[in-house]
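Asker: Keeping the supplied structure of chain W fixed, place chain G upon it in accordance with the hints.
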Amino acid sequence: MKHLLSIEQLSREEIEAVLDRAESFAEVGRRDIKKVPTLRGRTVVSLFYESSTRTSSSFDLAAKRLSADLVSVKAAGSSVEKGESLKDTVATLSAYDPAAIVIRHPYAGAAQMVAGWTAASVVNAGDGKHEHPSQALLDVYTLRRRLGALDGLRIWIVGDVLHSRVARSNLIAFAKMGAEVTLCGPPTLIPRGIEALGCDVSYSLDGIEEADVVYALRMQKERMSESFVPSLREYAASFQIDTRRLNPRQLLMHPGPVNRGVELSGEAIDSPQSLIAEQVAAGLVVRMAILYELLAGGDPSAPSADAEGTRPTPIGTPA
Amino acid sequence: MSAQGELPTTSLREQLDVRPGEDAHLVLRRATVLDPVAGIDSVHDIVVRDGHVAALASPGEADTEGAEVVEAEGLHAFPAFFDPHVHLRTPGHEHKEDVETGTRAAAAGGYCGILAMANTEPPVSTAADISALREQARAGASVPVGFLATVTKEMAGEELTEMVELREAGALGFSDDGLPIVDAGVMRRALQYQHLCGGNIALHEEDPRLSMGGAMHEGPVSAVLGIGGIPSVSESTMVARDAAIAAHESARIHVQHLSAAESVEIVRAAKAAGVQISAEASPHHLCLTDEEVRSLDPHRFKMNPPIREERDRQALIEGLRDGSVECIATDHAPHQPEEKDVPFEQAAFGVTGLETAFAALHTELVLPGVIGLGLLVERMGGGAEPFDLPRPTLAPGAEANVVLCDLGAEWTVGEDGYESRSANSWCAGRTLTGRVLMTVAAGQVAFRLRSFSLGVAS
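Chain order of the listed sequences is W and G.
For the first sequence, the working numbering begins at 1 and goes up steadily by one.
For the second sequence, the working numbering begins at 1001 and goes up steadily by one.
Next up, chain W with everything else stripped away, as it sits in the complex (with noise of 0.2 Å):
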């Protein structure tokens, strides 16, 4: 793998063996040292033109696990701000010579543009409401954790669909890892045509009782002033998982922040049955994976990658 820019483009076997060395910095991260020297004197860009708080420290953090040298931009307080296009930014930092450029944008395509305009290996960190694929590799790990294996699963999404690129993501991945997804939510957030990707629609939750793990998603409060849902108090009422609706057989994902009261219940968030921590903290070991595997995996010329095997080193450990 050179870049990860979607789902999309990803086998059902690379999408394993992320989630396979991921498992190995699972066991790295509960040492004391939690560092390795994989990617040391390399640098990865962290670019960022829209806010994250998850998504972002935990690629920072990823980074720096791996010994990487981490330039952070954010579009706020940058060059950005002064009007620079996308495509000088990249020519700009790619002028440090970086192994990977991490990047969120709020367009579609755009981690794409960046892969031809650079040398690096550029990671999608959310591109406009297209993909978010590295939700989506942390989310399947979450379940593989827990369950094992994701064929034959029956998994809701449910909520703005249209809006969401952790949807569009999750469902290519999810359906890869052989489960069968179901999109829920109300009619005007369902994009028209989306079950050419070979899942179900539901604009209701009737019949969610068959689901093996519900995945909701981020309801946010400006869909209301442009007419997709009448209020937010309505959404609630049709849409809201709760304890009530949740069996406890059943799982609850979400890719957060959450809007409490909203798109979820306090109760169900903090219900046993809740993954949301622990995507949380899948989010890190697998986005360690992401840049080991694209910068250090499946080149044998990588300085750690036959040195140390395939578990990690730390630092200080004589290899």
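Careful, some of the hints might be misleading.
Just a sample of chain W residues kept apart from chain G, beta carbon distances all over 12 Å, derived [to be verified]:
no., residue
1, D20
2, A95
3, K176
4, Q273
Chain G stretches covered by chain W per the calculated footprint, using a threshold of three residues with CB under 8 Å from any CB of chain W [what the hints assert, rightly or not]:
no., stretch
5, 1216–1224
6, 1344–1355
Hints in this document: simulated from the structure, not taken from any laboratory.
Glycine included, every Cβ here is placed at the ideal spot set by N, Cα and C.
Answerer: What follows is chain G alone, placed relative to chain W:
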């Protein structure tokens, strides 16, 4: 007819503006001449002299004295093409295109006349704007150009321009192209006023509340890409509305760049009901579908209206066949790289098309047998009559508007650059079969492919 007082016109040179030059004296020897409207389909020597088709002589028998002889055996001669929908970007965006480069591109594509849209900066809204553009065309246009003026002041969709004065200054018609006329009341007033000022009104049909925020066709592909969709109904509802208003006012409209199957159906029904409505389709809508957008390449595949689904493409082709769509128009829309080297949703709408329209349609529709060569030639010339201009023809005595093509020549688009100032061709990198070798527009040689003219010299 509603456009009172307009006499049948005789030539593009009289009706439009072009840089004055020398009348060609040519013999295109042993050309395969195809002019379906005039019923000509045979091998002739075409004699061009004094601005006219002087004769279609028996092959090898024309008097060549004093004439430049072009050996055209095995080559095809058609009436040159007419494009009623071109963006020359002048005034205001001459870095994208101007009258000189845009008409050079037209000549290279085999066109003998084009109409320029008025959505410039500022928009072409006054008689002075029209006069200035006509002056520029007389100074530098390779092929005759006509200029449309906006329907509404500043294209704001609110108040009509001074349409009578604009017509007197030479506006060929009216269009707010680039934007729809959203207010049905304004649309109605414009069509009522047409009975005074004459001139067709060309319409960009789009309901902005339905296409809001969209950057591509709404369908399974936009659903997967997460890109806001422009639904087919954003076009078809407006076509239906304006056909109804035109019928009510006994007025005349020209519907631009049809893209949706439903719109074709509405135009067909309106024509059957006697509405004075004409329609155009663009080469990219006839050749491409939204599957191309999966590449997320805005240079080649972002335009408005968007390329839609296969059923829409097939409906447009059927429209060409049955005449619901009487002409092919490129909607040639030049943009500079910085407006296209950005993510798809941020990129400017529009692709260029003048230099490739014939070759692309020949390659994509004629060679596979989807439509006949004669139908393509007919539709490539169908854009003149809706604007009260004479259809180019090779009938003896007509103004000489001739395109000479090598239907077997393969070429890769963009490999030798473009005549246009911009490179956002939807055909960039494609290998096409069929190439324009020479264009005679209003009696003057407007274009020669360099390698072809060298071949003649040797």
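Asker: Just pull the numbers of the violated hints for me, sorted ascending.
Answerer: none
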